[in-house]
Amino acid sequence: MKLTGLALFNLRSFEFAEFKFNPQFNLIAGINGAGKSTVLDAIRTCASHILPALRKGPSRPFGFTVDDIHDDSPIADATLHFTIDNEPCRFSLREWREPRAFDNAENLEKLRREILESERLGDRPRNLIRDLTETLDTPSPTVFYPPEQQLQRLAALSVSAPLVIYFSTARTQLSGRKESSSAAAQGSGAAYVRALGVRDLSVVQLADWLRAQQALAVERDVSRRLVAVVEEAVRRFLPGFANLRPSKVGPSQLLIDHEGTTLHLRQLSDGERSVLVLMLDIAKRLTQANPRLTDPLPEAEAVILIDEIDLHLHPEWQRKIVGDLMRTFPNCQFIATTHSPQVIGEVPHEQIQMIDGDNVFVPPHSFGVDSSRVLEELMGTKPRNAGVDDKLATIAKLIGEEKKAEARNVIDALAKEIGESDPEIIRARLLLDFLDEGSE
4 MKLTGLALFN
14 LRSFEFAEFK
24 FNPQFNLIAG
34 INGAGKSTVL
44 DAIRTCASHI
54 LPALRKGPSR
64 PFGFTVDDIH
74 DDSPIADATL
84 HFTIDNEPCR
94 FSLREWREPR
104 AFDNAENLEK
114 LRREILESER
124 LGDRPRNLIR
134 DLTETLDTPS
144 PTVFYPPEQQ
154 LQRLAALSVS
164 APLVIYFSTA
174 RTQLSGRKES
184 SSAAAQGSGA
194 AYVRALGVRD
204 LSVVQLADWL
214 RAQQALAVER
224 DVSRRLVAVV
234 EEAVRRFLPG
244 FANLRPSKVG
254 PSQLLIDHEG
264 TTLHLRQLSD
274 GERSVLVLML
284 DIAKRLTQAN
294 PRLTDPLPEA
304 EAVILIDEID
314 LHLHPEWQRK
324 IVGDLMRTFP
334 NCQFIATTHS
344 PQVIGEVPHE
354 QIQMIDGDNV
364 FVPPHSFGVD
374 SSRVLEELMG
384 TKPRNAGVDD
394 KLATIAKLIG
404 EEKKAEARNV
414 IDALAKEIGE
424 SDPEIIRARL
434 LLDFLDEGSE
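So the sequence shown is numbered by this note's numbering: it starts at 4 and just counts up by one.
Since the hints were derived computationally from the structure, they do not count as laboratory data. Even for Gly, the Cβ is constructed at its ideal location relative to N, Cα and C. Be aware that a few hints might be false.
What follows is a set of in silico ranges between Cβ atoms, one per label pair, in the way DEER data are often shown [stated by the list, open to error]:
{"hint": "1", "residue 1": "E235", "residue 2": "D393", "range": "31 to 39 Å"}
{"hint": "2", "residue 1": "Q270", "residue 2": "V365", "range": "36 to 44 Å"}
{"hint": "3", "residue 1": "G390", "residue 2": "D439", "range": "26 to 34 Å"}
{"hint": "4", "residue 1": "S16", "residue 2": "K400", "range": "34 to 42 Å"}
Using the sequences and the hints given, assemble the complete structure.
And the structure:
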């Protein structure tokens, strides 16, 4: 299962927004409040209906509420486009402001007029009207295309089980509890338990799963390869760390060695813990969902949703996290949000979608761009403190007027604040040297 697109109509801050997804990595970027989390919420909400339909399993789907409807619009709609075994599919979910509003021809006509009058939609209104008409004429708040039975047949042909995993900003919060008996599903069903919810991470579950894999590695090639991949991933994600293992005595805990010292998972920094539990939870669920695959981590598919992928990470780790995830889980599709210039600078521009109001656009460049340019050109944010910018402007003005002594005094004062190695300080001193040479 791969996601190909998402259309949001009158959902929260969006009147209409459309997203296209790369089959490997996707970064949704924008300032705080732009609607990045709404994109992930819409996907996981739709997925909570799609996955039970594909698996014919128990269902506890999410939905939208009246509070999610934009302004005074009569309806909110999210349509998720995806493929199963390369066959195009879609699912629509909506929430009405008034009960049985689908019977109201006036509301339907109002929606048609709104779409046709929106210049932002370009040549898209006709298709959107078709989809909405189909949706509005259907009493059910959900619409599958193709129908559920056909979707189930497609899913049965897929080598990898359809799976979507969501990581909220609560992922660094650790829980020592075991799952309740009602939530402790067996077999492949365990992969789906709370996979789409806002959840902390259960240390007990992760430790018990890793203990089972290490015990099975003595006899099973699958478990042996899995343990080896996890060990390699620890070294990749956390340089200087090794020997991740469950505790042998007392309550189930995860231990890891760092420069000769054994640490409990709770003793790691929020950033270290965030990276480790992210990797472990994905590995655990891929393995549980695909018991028949001989090498689930590199072979299994899943859609991984990560809110604030840069959460608590040192800038150096922010630059590494995307590549590390893709190397460890090469068949997975990632959709992550960020406002970190370090993360944006490590992703090809065609895999980034910037949100600016209802305008969703692909930046002209990003990969390899330094953080200050990302802040200024893509995020619309000044990379420097406003006071520093003012002093740099003063220096430029003084140099332009050839007031060398005054310029040098301002440069010396600013260098004490931002350092002699700052490119703007070096540039200003070179310009002064050039003026001195020209006056000799």
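Cross-check of the supplied hints:
1. E235 <-> D393: 31 to 39 Å: With a Cβ separation near 50 Å, E235 and D393 fall outside 31 to 39 Å, so the hint is violated.
2. Q270 <-> V365: 36 to 44 Å: holds (41 Å)
3. G390 <-> D439: 26 to 34 Å: holds (28 Å)
4. S16 <-> K400: 34 to 42 Å: holds (41 Å)
Going through the hint list in order, the structure does not satisfy hint 1, though it satisfies all others.
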